[in-house]
Structures are given as C-alpha cells and as structure tokens.
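Colleague: Let the sequences and hints guide you as you build the complete structure.
Single-letter residue listing:
Number of protein chains: 4
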Amino acid sequence: MSVKVAVVGASGYAARELFRLLARHPHAELVAACSRESERPLVGDLHPTLRTIVPLQCEPFDADSVAKRAACAFLALPHGAAAAAAAPLLAKGVRVIDLSADYRLRDPNVYAQWYGASHQDVDNLKHAVYGQPEFFAEEIATAILIANPGCYPSSAQFGLAPLVAAGLIELDGIIVDSKSGVSGAGRSPKPNLHYPECNEAISAYSIGTHRHTPEIEQLLTDLAGSPVTVAFTPHLTPMDRGILSTIYARPKRPTPQKALVETYRDYYANKPFVRVVDELPSTKDVSGTNFCDIAVRVTPHYIVVVSCLDNLLKGAAGVAVQNFNLMFGFPETTALVG
Amino acid sequence: MSVKVAVVGASGYAARELFRLLARHPHAELVAACSRESERPLVGDLHPTLRTIVPLQCEPFDADSVAKRAACAFLALPHGAAAAAAAPLLAKGVRVIDLSADYRLRDPNVYAQWYGASHQDVDNLKHAVYGQPEFFAEEIATAILIANPGCYPSSAQFGLAPLVAAGLIELDGIIVDSKSGVSGAGRSPKPNLHYPECNEAISAYSIGTHRHTPEIEQLLTDLAGSPVTVAFTPHLTPMDRGILSTIYARPKRPTPQKALVETYRDYYANKPFVRVVDELPSTKDVSGTNFCDIAVRVTPHYIVVVSCLDNLLKGAAGVAVQNFNLMFGFPETTALVG
Amino acid sequence: MSVKVAVVGASGYAARELFRLLARHPHAELVAACSRESERPLVGDLHPTLRTIVPLQCEPFDADSVAKRAACAFLALPHGAAAAAAAPLLAKGVRVIDLSADYRLRDPNVYAQWYGASHQDVDNLKHAVYGQPEFFAEEIATAILIANPGCYPSSAQFGLAPLVAAGLIELDGIIVDSKSGVSGAGRSPKPNLHYPECNEAISAYSIGTHRHTPEIEQLLTDLAGSPVTVAFTPHLTPMDRGILSTIYARPKRPTPQKALVETYRDYYANKPFVRVVDELPSTKDVSGTNFCDIAVRVTPHYIVVVSCLDNLLKGAAGVAVQNFNLMFGFPETTALVG
Amino acid sequence: MSVKVAVVGASGYAARELFRLLARHPHAELVAACSRESERPLVGDLHPTLRTIVPLQCEPFDADSVAKRAACAFLALPHGAAAAAAAPLLAKGVRVIDLSADYRLRDPNVYAQWYGASHQDVDNLKHAVYGQPEFFAEEIATAILIANPGCYPSSAQFGLAPLVAAGLIELDGIIVDSKSGVSGAGRSPKPNLHYPECNEAISAYSIGTHRHTPEIEQLLTDLAGSPVTVAFTPHLTPMDRGILSTIYARPKRPTPQKALVETYRDYYANKPFVRVVDELPSTKDVSGTNFCDIAVRVTPHYIVVVSCLDNLLKGAAGVAVQNFNLMFGFPETTALVG
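Chains A, B, C and D are the protein sequences, given in the same order.
Under my numbering, think of the first position of the first sequence as 1, with each following residue one higher.
Under my numbering, think of the first position of the second sequence as 1, with each following residue one higher.
Under my numbering, think of the first position of the third sequence as 1, with each following residue one higher.
Under my numbering, think of the first position of the fourth sequence as 1, with each following residue one higher.
Hints listed in this document are in silico derivations from the structure and should not be mistaken for laboratory results.
Just so you know, not all the hints are guaranteed correct.
Put simply, identical chains are the same to the list, so a pair is met inside one copy or across any two.
[Said to hold, decoys possible] Straight-line alpha carbon distances no greater than 35 angstroms define the calculated DSBU-like cross-link-like pairs of lysine-lysine that follow:
| # | residue 1 | residue 2 |
| --- | --- | --- |
| 1 | 4 | 271 |
| 2 | 258 | 190 |
| 3 | 258 | 126 |
Every value quoted in this text rests on a predicted model; they were computed, and no experiment measured them.
Modeller: This is the structure:
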C-alpha cells in the first residue's frame with residue numbers, strides 16, 4: 001500500500017531531505033513537487049544530489065491540483081506562506097505536515113508577538129497537533145494537521161522532558177545553550193552565511209530573542225504542568241548539520257548520577273529514536289540519522305544535559321516522515337533507519 | 001635595545017606562535033630553541049611555515065646553557081615539565097614566562113587536587129605573578145616568574161571581571177559555556193582529534209571537571225573579594241583557533257543594557273587588547289590577533305556575556321609577548337598589532 | 001530470502017559504512033563482526049552513530065566460526081591481513097568481498113613491486129574478479145572472490161573508460177589529478193591527519209608513486225586493448241568524504257563537445273550509479289550516495305574530465321554492497337539508493 | 001619617513017588585508033579609505049577584526065580629494081571600476097597599485113576578448129608595470145602604475161618560471177590544476193559560495209575559460225621568449241585561504257631530480273618570498289604569510305611542480321605592499337614577515 005504525497009516548497013535543505021527520504025520510502029509515492037520557480041525545474045536541478053532519484057518536475061502550487069493527486073502534503077515553506085497553503089489543502093481533505101512554525105504555538109497572540117504578524121489561520125490552528133512523536137504518538141495518528149517541531153526546540157525538549165516530567169528541577173530560567181550547523185539558517189545566501197565569513201568562526205546570535213523560545217517553553221510547560229521558562233542562546237557553528245544543546249538546570253534536590261541516567265532510560269524506553277548514552281555525544285554521532293542522542297551529568301551547581309540531533313532530519317525532514325508513518329499506520333521507523 | 005630570549009618546548013602550536021611573534025619583535029633576539037627531538041631539527045622542520053623566518057636549530061634543554069645566553073625564557077612545556085625547567089632557570093637569573101599551568105594556582109593543594117600530582121616547585125610558586133596584564137600590569141613589570149594564563153580562563157575572566165568587580169551579579173554557579181577550536185587540544189595526534197572525527201562535529205567534554213575551573217575562580221574571587229564559583233563546560237568546535245565563551249550570570253539587581261555596556265567600557269578603558277563591542281562578536285573577529293572582544297546583553301533571567309579570543313594568541317603566545325613587553329619596559333603592544 | 005554476512009575488520013570507516021548499509025539491506029543478515037580488540041566491543045562502541053542499529057558484539061576473527069554462520073564475508077582489513085583471512089574463508093566455501101588491495105592486481109609481481117611484499121595467496125588471486133560492476137557485472141555474479149576496487153581508481157576508471165574504449169585519446173601519460181577527503185586516509189591518528197594540520201589546508205602527496213596507479217592502469221589497459229599509463233597525483237583535501245578527479249587526456253582527433261557527451265551517455269546507459277551531468281559536479285552532489293557523477297569538457301589542448309564519488313561508498317562500502325547484490329541475485333540498487 | 005596612502009575599495013577581503021598590513025607598516029600612513037557605502041562606515045564596521053586598528057571612516061571616492069592627501073593609492077576595485085579610478089589619480093600625480101586585472105594584459109585586444117569589454121584606459125596601460133617583484137623589481141621601483149598580479153597566475157608563474165627560463169620543458173599545453181580557498185571568489189554572497197554549498201565540497205569551474213589564463217601565459221611567454229600556452233583548471237576548495245597549483249610540464253630532455261631542485265634554488269636565490277622546499281608543501285605552510293612555497297618532482301611522464309601561496313597575501317595584498325616597498329625605497333620585506 002502506498003500513500004500519494006506532495007512536497008510544497010521544493011528548493012530548501014529540508015525539502016531536499018524530504019525528497020530523499022520519501023524516494024526510499026516503500027509506502028510513499030511522490031506525486032508532486034511545488035515551487036515558485038517559473039521555469040519549472042526538475043527536482044534534480046534544484047538539488048543535484050537527487051538527479052535520477054527524484055525524476056519529478058516542479059510545478060507552481062495549486063491546492064486543487066495537489067488535492068486531486070495527493071493524500072498528504074509536506075509543507076517546506078516560510079512561516080506565513082505555510083498557513084496560506086495549508087488552509088486550502090486541509091479544506092480539500094489533504095492531510096498536512098507543516099514544517100514551518102505556523103501551527104506550533106497554540107496561542108495566536110504568542111505567535112503574533114514572536115513572529116510579528118497576526119496568525120492567518122486560527123481555525124486550523126485549533127486542531128493542529130504538535131508533531132513530536134515521542135510525546136504525542138496517539139494524537140499524531142489521527143491528526144489531519146501536524147505542526148512539525150523546530151530543530152532547536154526538539155533538542156531542548158528531548159533533553160529536558162524527563163527532568164520536568166519528574167519534577168526534578170527548578171522551572172524558571174533553564175539555560176539552553178545551542179550550537180547549530182549552518183544549514184539550519186536556510187539556503188538563501190546572506191553575508192553572514194557566506195563561506196569565508198562563517199567558516200572557522202563560531203558566534204552567538206539572537207540572545208534572549210530567538211523565536212524558538214516560546215516553542216520550547218510551551219511543550220515543557222505542558223509536561224511540567226507549571227510554567228517553564230528558558231534562556232535560549234543559539235550559536236552558528238562551522239559545520240553543515242547538527243545541533244548540540246548544552247542545558248543547565250538547577251536541581252530541586254540532590255539526585256545521584258546513576259539514578260538520573262535511569263530516569264532518562266526509563267523515560268525513553270521504547271522510543272527508538274532517542275538514545276540515552278553514557279559518553280558525551282558528538283553531533284557527528286547523529287548526523288545523517290533520525291536519532292537524538294542525550295547524555296546527562298550531575299555537577300555541583302547544575303544538572304547538565306547534552307542533547308544532539310541532525311537539524312535537517314530529527315529536527316525537520318526525519319521527524320516529518322516519522323509523523324507521516326504514524327499518521328498512515330506504517331511502522332514508525334520506516335525509511336528512517338540506516 | 002634587544003633582549004635575548006629562549007623558547008623551551010619548541011614543537012607545539014603555542015611555541016610556533018611564540019617564534020612567529022618573537023621573530024618580528026624589534027626588541028627580542030631569539031637565541032635558543034629547546035626541544036627533546038634528538039635529531040636537533042631546525043625550527044622550520046617542526047613548523048614549515050617558519051622556514052627562513054626562524055633559522056634556528058633546536059637543542060636539548062640545558063639550564064646552564066640557556067642561562068648563559070638568554071635573559072628571558074618562554075616555557076611551552078607540559079605542566080610538570082615546566083616547573084622542572086623553570087626552577088633552574090630562575091636560580092641562574094633568567095626571567096621566566098611559563099605558558100603551562102604550573103604556577104597559575106596559588107595554593108599547591110588546589111594544584112595537586114586538579115592536576116593529580118603534588119607541586120614540585122613550591123618555593124617559586126610563592127612569588128609567581130599571574131600574567132594577566134589587564135589586571136596585574138604593575139606586578140608583571142617587576143616579576144621574574146610569570147604564570148601565563150590559560151586560554152579558557154582568559155576568555156571567562158575578561159568576560160566576568162567588570163561584573164564581579166562592580167558587585168552586579170551573584171557569585172555562585174556562574175555558567176561559562178566555552179567553545180574552542182581544536183588547536184587548543186595540542187599537537188599530539190589522538191583519536192578524538194583525528195580530522196574525520198572532529199570535523200563537522202561539536203561536542204562537550206570534561207563537564208564540571210576541567211582543570212581550568214579553579215584558575216577562573218581564583219582570579220574572579222580576588223576581584224570580587226568573595227568566593228566565586230563557576231560551572232564550566234568546554235566544547236571542541238570544528239575550527240583551528242578561537243574560543244568563544246557564552247557566560248550566564250544572575251544579576252543582583254536590574255541593570256539597564258546601556259549602563260551595563262558603559263560599565264564594561266569604563267572598566268577596559270586604556271586596555272588596548274580588550275574591545276567592548278556592540279554587535280555579537282565572532283571568533284573570526286579576533287583570530288590571528290591579540291584581542292579579546294566582548295559583548296554583553298541583559299535578558300530576562302541572566303546577564304549574558306559573549307567573550308572571544310584567539311586561544312593561541314591572547315590565550316597563549318600573544319599574552320606571553322605582552323607580558324614580555326611589560327617585564328622589559330617596551331610598549332605593551334609591541335609586535336602584537338597587525 | 002536473506003543472506004548471512006560477516007564483516008571482518010570492524011573499526012574503520014569503510015566498515016562503518018558497510019554496517020550501516022547492511023543493517024538496512026532487506027536481504028542481508030549481519031551475523032558476525034570481527035575485530036582484534038580484545039575487549040570485544042559492541043559495534044556501537046566503535047562507531048557511536050551505529051548504536052542500536054547494529055547491536056552486535058565484535059569477536060576475534062576465526063575462519064571456522066565465520067564459515068559456520070556466514071555465506072559471505074566482507075573484508076575491511078589492511079592489505080596482507082586481508083589475504084590471510086580470505087584464503088581460509090574461501091577454502092570453507094564462504095564467498096568473499098575484499099575491500100583491500102590484495103586481489104586487485106592480477107600480476108603478483110606488480111603487487112610485490114608496489115606493495116613491498118610478495119603476494120601471499122597467489123592461488124586465489126588467479127580467480128579473483130575485479131569488482132567494478134559497471135564493467136564486470138556478469139563475472140561478479142558468479143564470483144566467489146571479489147577484489148573491491150580502490151577509491152581513487154574508481155573515479156579515474158569511470159572518468160576514462162568511455163574515452164579509452166572508443167579509442168579517442170592517446171594512452172600514455174594521462175593525467176589524473178585527484179582530490180580526496182581525509183576519511184580516505186583511514187581512521188588511525190597520524191600527525192598529518194591531526195585536525196589542526198589538515199584543516200584549512202590542501203596538499204599533494206605520493207606524486208608519481210601512489211599504489212593506486214597500477215590499478216587504474218590495469219583496467220584501462222584491458223578496456224583499451226593496449227597499454228595505458230597514467231600520471232596520478234592524489235591530494236589531501238579538507239573535508240570528510242569525497243573524491244574529485246580532474247583528468248587531462250590528449251585527444252587523438254578533434255571531437256565536438258556534444259558528441260563527446262553523447263559517447264559518455266551511451267557508454268553509461270543502463271548503469272544506474274554513473275550519472276553523466278552537464279554542469280561541473282561537486283563532491284557534495286555524490287556525498288552519502290553510491291553515485292559517480294561525471295562531466296566532460298573539450299578544451300584547446302585536452303579533453304578534461306571531472307569525475308567524483310564518495311570514497312567510502314561508491315569508492316568502498318557502496319560498491320561492495322553493489323557487488324553483493326549482483327553475487328546473490330538481488331537488484332543491483334538494493335539498499336543503495338536514498 | 002612615511003608615505004601617505006589611500007585604499008580605494010574598502011569592503012573586500014584583499015582590502016581588509018591591505019588595511020591590516022598598512023596599519024603595521026612603519027613607513028605607510030593610511031590617510032583615506034574609499035568605498036561606495038553611502039553611510040560612510042568605519043573601516044572597523046566593514047571588517048570587525050580591524051576595529052581600533054584602523055580608526056578611519058570611509059568616504060566616497062574622489063580623485064581630487066585623494067590626490068591632495070595621498071602619494072600612493074591601492075585600488076581594490078572590480079575590473080573596469082579600477083581603470084576608471086586609476087586614470088584621474090595618475091593624472092594628478094598619485095602612484096597607483098591596482099589589484100584588479102585592468103592593467104595586467106598588455107594587449108587591449110586580449111583584455112577585450114577575456115573581459116568582454118574594451119579597455120577604457122589604453123594610454124596608461126602602455127606604461128603599466130606588471131607587479132611581480134621577483135621578476136621586475138627594477139621596473140617596479142620607478143613605476144607610477146603597478147598592475148598587481150592575480151592570485152592564480154602568481155602561483156603558476158612562480159612554479160613555472162625556472163622551467164621556461166631554462167628551456168627545460170615543452171611550452172604548449174602546460175597543465176595548471178589549481179585549488180583555491182573560497183575567499184578568492186570575493187565577499188559578495190552567492191549561491192555557490194553559501195556555506196552549506198561549498199563546505200565539505202570540492203569542484204572545478206571555468207575549465208579552459210578562466211580569465212587568469214592569458215595573464216599566466218603572458219609572463220611565461222616573456223620569460224621563455226616563445227609562446228607558452230597553459231591548460232588552466234581552477235577548483236573551489238573548502239577552506240578560507242590559500243592556492244595550491246599542481247603543474248604538469250613535459251620535459252624536453254631528462255633532468256635529474258637533484259639538478260632540477262638546484263635550478264629552482266638558483267633561480268630564486270635572493271628572493272626572500274619564494275621558498276623552494278623539499279617536502280611537498282601545504283597551503284597551511286604559507287597561509288597568513290607572503291611566501292610562495294614550491295616543490296618539484298621528476299616523474300616518468302612529467303615534471304610535476306607544486307606551488308602554493310596565500311591568495312589574499314602573496315596573491316593580492318601582500319605583493320601589493322611588496323610593490324609599495326620597492327616603489328618607495330623601503331626594504332622589500334617591510335611589514336611582510338611574521
């Protein structure tokens with residue numbers, strides 16, 4: 001059995017990974033790739049690595065046309081544009097997995113505050129499901145609209161969930177110091193992403209103001225049952241892919257190292273894509289995979305958690321396919337291992 | 001006027017930078033390069049970039065021989081070995097700038113605790129001067145033994161000094177999350193420093209246990225007049241050089257952003273090598289220089305400081321030459337700008 | 001239907017990629033991983049990225065034990081050691097895919113000349129099949145011993161085969177200027193592979209003396225029916241993976257650009273892993289894939305060919321699995337696309 | 001004694017290196033920095049690394065204004081724009097060092113053919129001196145207009161000059177296979193220079209059509225006294241700086257390796273910035289320096305030369321300052337060593 005799928009927004013890095021994963025998915029049939037390019041390039045022209053793998057020509061997005069052919073659409077569009085595409089697709093019965101931020105924040109006021117524009121699809125926002133499969137597998141299975149999580153938030157949420165769920169830490173001002181590869185900043189050339197500018201250089205940006213902050217807090221607040229606040233600092237790191245978040249949390253009470261590791265192991269038992277490891281992980285351990293690797297350390301002042309994942313896979317296209325698997329009843333790991 | 005100098009321990013990266021700086025120093029004359037290599041290589045054989053610049057043959061270290069020729073010795077040796085070389089040199093009247101950790105910690109018990117061996121030269125330890133010129137220029141001018149600071153500690157100390165000196169922050173559990181280029185780990189090949197292992201990868205190490213922790217705390221405690229403790233996490237970053245420390249401190253009271261920047265500017269007025277900048281700095285801004293660039297941000301929970309420097313220059317060889325300049329009465333910036 | 005396979009020599013990069021590909025291969029069952037480590041690590045201890053994917057414990061190599069369990073063994077061993085393991089496995093009926101150089105050169109004297117030791121398994125050498133599937137698919141299908149090609153040779157052979165087969169170029173002194181990522185040099189730490197030495201650096205090595213030279217020449221001589229000689233220069237390039245070979249051949253007669261491209265397209269029609277492309281390819285287009293991408297340009301003095309592949313996949317583990325597919329009757333692309 | 005200098009075109013990488021070198025030059029006084037930016041940024045705003053080192057505000061270019069203040073102008077402008085600025089400066093008596101290609105090719109028809117536009121300043125072109133100090137030191141000393149050489153051409157010219165001067169090689173179709181760091185492509189963001197596109201990737205470009213081809217040929221033809229033609233292939237290499245050219249020349253007659261090296265050593269005796277080395281050099285050996293390192297190897301078919309330099313220094317700003325030193329009677333190495 002095969003599900004017909006479309007990818008809307010074909011030119012970015014997450015789209016490239018989506019195409020690659022879907023091309024090898026035994027139960028997905030890629031029927032449409034939509035992009036704004038007027039000359040209707042082949043997917044392989046946009047992404048030379050996909051030549052001969054995805055022999056599909058791009059087309060302008062048309063909700064009717066997509067709805068006639070596809071049962072599921074992945075949206076790899078900028079926020080704003082995503083909601084504009086999602087609404088008509090949903091209206092025509094297409095299930096949507098949106099990789100943008102448009103449906104991640106439940107409260108449209110919070111969205112407006114962080115994204116600088118009022119939300120354009122409040123109706124669908126109400127029933128959108130936050131597509132973090134390790135927490136919401138059941139809701140995802142029946143969802144028609146998935147808000148695929150952000151890359152930074154995922155690394156923070158996986159690192160902190162066992163702590164907040166178990167009530168082990170103070171919930172205000174948790175520090176999330178994240179280091180991301182440059183692909184996380186997108187494919188549009190910019191001065192600060194020019195090779196000789198960001199090669200051999202690490203820098204912090206958006207200190208205290210990054211839009212992923214409320215997304216991190218929203219899920220953790222749900223898990224904690226009380227408001228959680230984080231101090232989040234992203235860094236641009238000279239590598240293609242990968243996010244490593246170093247997290248500092250103040251323990252409520254002394255917890256031995258060994259028990260803490262057990263708490264994590266128990267929490268993620270039966271979660272095939274979260275690996276609690278003993279040695280401190282490197283982004284390289286998860287690069288090209290859908291894994292999130294986590295290590296935890298008790299230190300004099302803080303519980304320090306290191307959480308890493310591939311921003312384009314577990315942080316974007318990989319989890320999108322994981323959501324797709326859950327939505328359509330395929331084994332969760334289909335096309336995602338190896 | 002020219003001072004005759006020796007470099008003891010010629011093969012590492014800090015030694016390479018020392019040679020380079022001393023070769024262009026108008027008032028330093030390099031008279032000896034000591035290394036263990038039995039075949040007595042040229043400095044240019046150890047460091048091809050220095051061919052024709054430093055036409056000196058290495059010799060085994062002999063304190064007498066060095067003392068006959070040099071008024072000042074830079075030690076670029078592992079800890080332990082450094083003290084063993086410093087003691088006889090000092091006894092013969094050579095002024096010593098030690099780039100190792102051997103004389104950085106005033107308390108030999110703290111040294112023993114962190115370095116796993118009792119201190120072998122407690123006598124000289126008593127009069128060693130911590131070679132951080134921005135804080136101890138006067139003591140350095142007359143010192144005969146300089147403990148050249150560690151690379152991570154310098155980035156943390158410059159970032160935090162104005163805050164602790166002004167009493168603006170809580171002094172316990174200050175978080176220093178540091179990202180270092182791989183040259184900071186030395187020149188000996190190791191599995192984790194093998195190119196395909198650390199390229200395209202970032203990872204944390206020695207969480208809560210790194211030896212630079214007490215060095216950071218010692219200076220800040222002096223400046224604060226009360227015990228300061230830090231939670232220090234170093235990271236191995238895929239680049240040659242540079243350290244960026246992201247520092248999280250809890251403010252004692254609200255301080256406006258603008259006033260905070262002024263505090264930093266005032267504190268480092270007349271310090272030519274510390275630049276308080278408005279935009280968040282990149283390690284690339286200081287790579288190849290003796291500068292430490294610092295930016296500071298007030299956020300809801302923390303004062304966040306970003307401090308960066310070149311680990312081999314302001315974090316090692318550059319500050320060593322800066323100390324040399326102060327010790328021998330040359331302008332502080334000689335050979336260090338441009 | 002599933003074939004039981006063993007990987008002998010588990011710790012290197014090619015082994016890591018073999019494990020990864022075999023773990024996702026629907027018709028391969030990994031039954032043994034052999035390595036010298038006395039503490040019998042898990043494969044995931046050697047390669048953290050494979051944790052939970054390859055839950056296998058390493059064992060010392062024992063031909064009897066492997067032969068009892070596996071129908072096919074992949075040897076990822078140094079040359080010399082490979083022949084020592086292949087012989088007993090073959091004697092016990094195990095089909096062998098050897099990733100070393102031991103069975104690539106037909107003439108044991110040539111082997112001795114380039115590898116500095118006499119060949120230790122001349123008997124099996126006689127019936128070994130050179131595992132370049134684009135040229136020898138039939139022979140591979142029935143082979144019991146495959147000499148898996150070298151990474152540099154594959155890039156040169158794919159780039160030159162259409163030219164020598166069509167008699168379009170002079171056959172002596174063809175220049176192959178190859179640039180390889182550092183993983184091609186293996187996983188053992190060495191001074192020249194230490195991150196701060198080869199990062200931000202490109203250098204040539206083994207000019208005119210690299211062991212892959214006779215392997216390139218042997219296949220091309222077969223295809224040409226006359227002796228082919230190459231001038232081969234490898235370069236160490238600051239990236240993990242990928243080989244790009246820039247090839248300069250003197251045309252025997254003028255050939256228009258368009259006709260030349262057609263010659264290549266015809267030659268590789270029905271070869272799913274060789275892509276003749278119009279735009280000059282980047283190693284990134286093939287990184288992580290089993291493709292070899294080739295572009296060709298007619299210039300005033302030379303036909304210039306650019307050929308690139310992933311040294312660990314199409315240049316090692318990928319083609320090994322491709323050979324495995326052919327040997328055991330599976331579709332050639334199984335586990336190799338996407 | 002100090003010469004007042006201006007830098008016209010302040011925002012690129014070569015300009016940044018010019019500023020850095022001139023700031024430390026004991027006999028240069030930087031009096032003007034010209035750029036098109038209407039907001040008149042500080043040089044340190046364009047190049048954060050230069051903050052406090054070059055405390056100069058940019059101004060729009062005005063030939064009169066520059067001529068009133070400066071005796072020498074460095075032009076770091078695109079071709080075309082450079083000639084438009086040079087002509088009025090020369091008319092007002094300013095000596096000009098032009099880093100663009102505008103005055104490198106003696107024949108304006110060749111310029112027109114390769115640069116796609118007719119030359120706009122043929123009058124000055126007639127007396128321009130090609131600023132390769134190792135060959136034209138005398139002419140440079142009295143020149144009023146210097147055509148500063150291109151980065152690729154310099155690496156090729158230094159590698160080939162001893163061979164063509166001694167008549168050792170065939171002069172047609174010499175192969176120059178060059179690998180350049182990305183800074184050579186300039187500072188303007190472009191899709192192919194976006195970090196995630198060129199990181200972990202090497203690719204060839206402009207095969208047989210690169211504009212530096214006639215510049216290489218012109219000088220070598222002069223040195224040979226007969227027409228020299230080259231087949232030049234540049235490659236974009238994932239590193240900031242450095243060019244390594246691998247050169248293949250057909251020997252006219254057998255030349256022993258040792259004699260060949262002596263030929264090179266003799267040729268470059270007394271040339272402080274060209275180092276003939278025994279071991280194959282890496283771009284890292286010359287990165288950040290004004291050196292060109294060269295090694296040569298006799299192989300069965302070709303003499304292979306490896307020549308490397310820092311494209312921004314010996315390939316641009318460094319040689320510009322070297323020319324400045326010669327023009328104004330300062331020691332050739334001033335500000336260029338260490």
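Colleague: The structure should be examined with respect to each hint, and the outcome stated for every one.
Modeller: We went through each hint and held it up to the structure:
1. 4 - 271: both (27 angstroms within a copy, 28 angstroms between copies)
2. 258 - 190: between (46 angstroms within a copy, 29 angstroms between copies)
3. 258 - 126: neither (41 angstroms within a copy, 41 angstroms between copies)
The structure is inconsistent with hint 3 alone, although it conforms to all the rest.
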